[in-house]
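Asker: One letter stands for each residue in the lines below.
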Amino acid sequence: MSDYIDLAVVGKVIAAGLLFGAVLPLVFATGLRALSADTGDTASYRSGFQVTRSPAALGLAAVCFAVVAASVGFGIYLIMHKS
Amino acid sequence: MYVTELIILVLVVATALAFDFTNGFHDTGNAMATSIATGALKPKVAVALSAVLNLVGAFLSLAVAAAIAKDLVDQNAITLPLIFCGLVGGITWNLLTWLLGLPSSSSHALIGGIVGAMIAGVGTSGVLWTGLASKVVIPALMAPVIAGLVAGIGTWLVYRSTRRVPEGNREHGFRWGQVASASLVSLAHGTNDAQKTMGVILLALIAYGSVAPGGSVPLWVVVACAAAIALGTYVGGWRIIRTLGKGLVEIESPQGMSAESSSAAVILASSHFGLSLSTTHVATGSILGSGVGRRGATVRWGVAGRMVTAWVLTLPAAGLVGACTYLVADAIGGLAGIAAVFLLMLAVAGVMSVRARRSPVTSDNVNEEWADELASPTPVPAGR
Chain Z
10 MSDYIDLAVV
20 GKVIAAGLLF
30 GAVLPLVFAT
40 GLRALSADTG
50 DTASYRSGFQ
60 VTRSPAALGL
70 AAVCFAVVAA
80 SVGFGIYLIM
90 HKS
Chain L
47 MYVTELIILV
57 LVVATALAFD
67 FTNGFHDTGN
77 AMATSIATGA
87 LKPKVAVALS
97 AVLNLVGAFL
107 SLAVAAAIAK
117 DLVDQNAITL
127 PLIFCGLVGG
137 ITWNLLTWLL
147 GLPSSSSHAL
157 IGGIVGAMIA
167 GVGTSGVLWT
177 GLASKVVIPA
187 LMAPVIAGLV
197 AGIGTWLVYR
207 STRRVPEGNR
217 EHGFRWGQVA
227 SASLVSLAHG
237 TNDAQKTMGV
247 ILLALIAYGS
257 VAPGGSVPLW
267 VVVACAAAIA
277 LGTYVGGWRI
287 IRTLGKGLVE
297 IESPQGMSAE
307 SSSAAVILAS
317 SHFGLSLSTT
327 HVATGSILGS
337 GVGRRGATVR
347 WGVAGRMVTA
357 WVLTLPAAGL
367 VGACTYLVAD
377 AIGGLAGIAA
387 VFLLMLAVAG
397 VMSVRARRSP
407 VTSDNVNEEW
417 ADELASPTPV
427 PAGR
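For the protein sequence lines, the chains are Z and L, in the order given.
Under this note's numbering, the residues of the first sequence are numbered 10 to 92, in order.
Under this note's numbering, the residues of the second sequence are numbered 47 to 430, in order.
No wet-lab data here; the hints were simulated from the structure.
Possibly wrong hints are sitting among the right ones.
[What the hints assert, rightly or not] Straight-line alpha carbon distances no greater than 20 Å define the calculated PhoX-like cross-link-like pairs of lysine-lysine that follow:
#: 1; chain 1: Z; residue 1: Lys21; chain 2: L; residue 2: Lys181
#: 2; chain 1: L; residue 1: Lys181; chain 2: L; residue 2: Lys116
#: 3; chain 1: L; residue 1: Lys88; chain 2: Z; residue 2: Lys91
#: 4; chain 1: Z; residue 1: Lys91; chain 2: L; residue 2: Lys90
#: 5; chain 1: Z; residue 1: Lys21; chain 2: Z; residue 2: Lys91
Quantities reported herein were computed from a predicted structural model and do not represent experimental measurements.
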């Protein structure tokens, strides 16, 4: 069977897939949540109150989006250096 | 004699570019169906963006191999008529599945066509069956599973993490992520798929003798392939976009982003680690996974079943067309045989596009509610 499937390669693809395809969306979602000043109080949002975001939340969002942007850059790098 | 060979070469190159064009519109949906379905991008804007990225992608990497179905067929037995009939098989299957609104792998269609023509021309000894099983059949079984798993987990994580974010905010924010991830898929598609056609044309040029064996791909080939795939993408395979975006799963923005991120990650990882997964199988698996990962999302398994049937049929059906056209071309012989098959292909393409007009899917009705159907949505409302 090993002639037909290289399980090590399949494992690597799944691992990389999960890291960039599942965890990265989670990082993006975390950034989005931080930006939305998640206080669990959605009512104030609906009523049009401007929710003040803490610097910590803004910092977290910035880090998250930077990680996502860097990963997209890495993806483009991989496309350009395709062997 | 020389003129005859030149005309055959021109017909092969034209057919290769036609295949590249069908490859483009067949796969627009892989990248853009989810963004169109959620309204993250207007339909026309989505296909234009995807077309530009496919064009750019085609120039990004030029590691073009003068090989066609490498490790799958005996490279020494490949001839110009064989390449030609393989391309005709691929184009025919691409057009038929487009008419039915079914996404299917363009690479599989081309491989099937070549293998069929090879069996007709040389016999089964010309086919490397172990390679066919390990590089084509088994990866095709794995691709949707791996992509579906990644997208399913991603979707579940994303919904869990943003469950307290107001829905309007969430929908808006994820649209950005959706567009970015879909763009990456388009870029990777341009690089991967345009290169396949460049490889085919390079091989034809080497067979003709205008490029030395081991020579690099001429600039006009790169430009022509990039333009053909971009133009195909821009024309937009609306029937397939509709099936992927509306038929398979009801999609919200967070799902769309998870699905496209999964597609981009799995496509790039498999290409990096040398596992040949089809973009179409990955994208479809991802969209399906994003439906499984969100609680309460509609997943139409009947539609998924029809797609899987099309995938199973891709190799044998394209192979049958490749084999039959090879026998026809061979029986007539020489330039006349190639020309006859070329005209036959144009006639088939004409019939299919006439059939498609009976139940048109355009940028106007691509997002209509899905009624149990297969690429026959409600007609475009008058005045739109």
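Asker: Determine for every hint whether it applies to the structure shown.
Answerer: Each hint tested on the structure:
Restraint check for Z/Lys21 and L/Lys181: the C-alpha separation of about 17 Å stays at or below 20 Å, so the hint holds. Proximity of L/Lys181 to L/Lys116 is assessed by CA-CA distance (about 10 Å); at most 20 Å being required, the pair is judged to hold. With a CA separation close to 31 Å, the supplied pair L/Lys88 and Z/Lys91 exceeds the 20 Å bound. Distance hint between Z/Lys91 and L/Lys90 is unfulfilled; the C-alpha atoms sit about 30 Å from each other, more than 20 Å.
At most 20 Å may separate the alpha-carbon atoms for a hinted pair to count; Z/Lys21 and Z/Lys91 meet this at roughly 17 Å.
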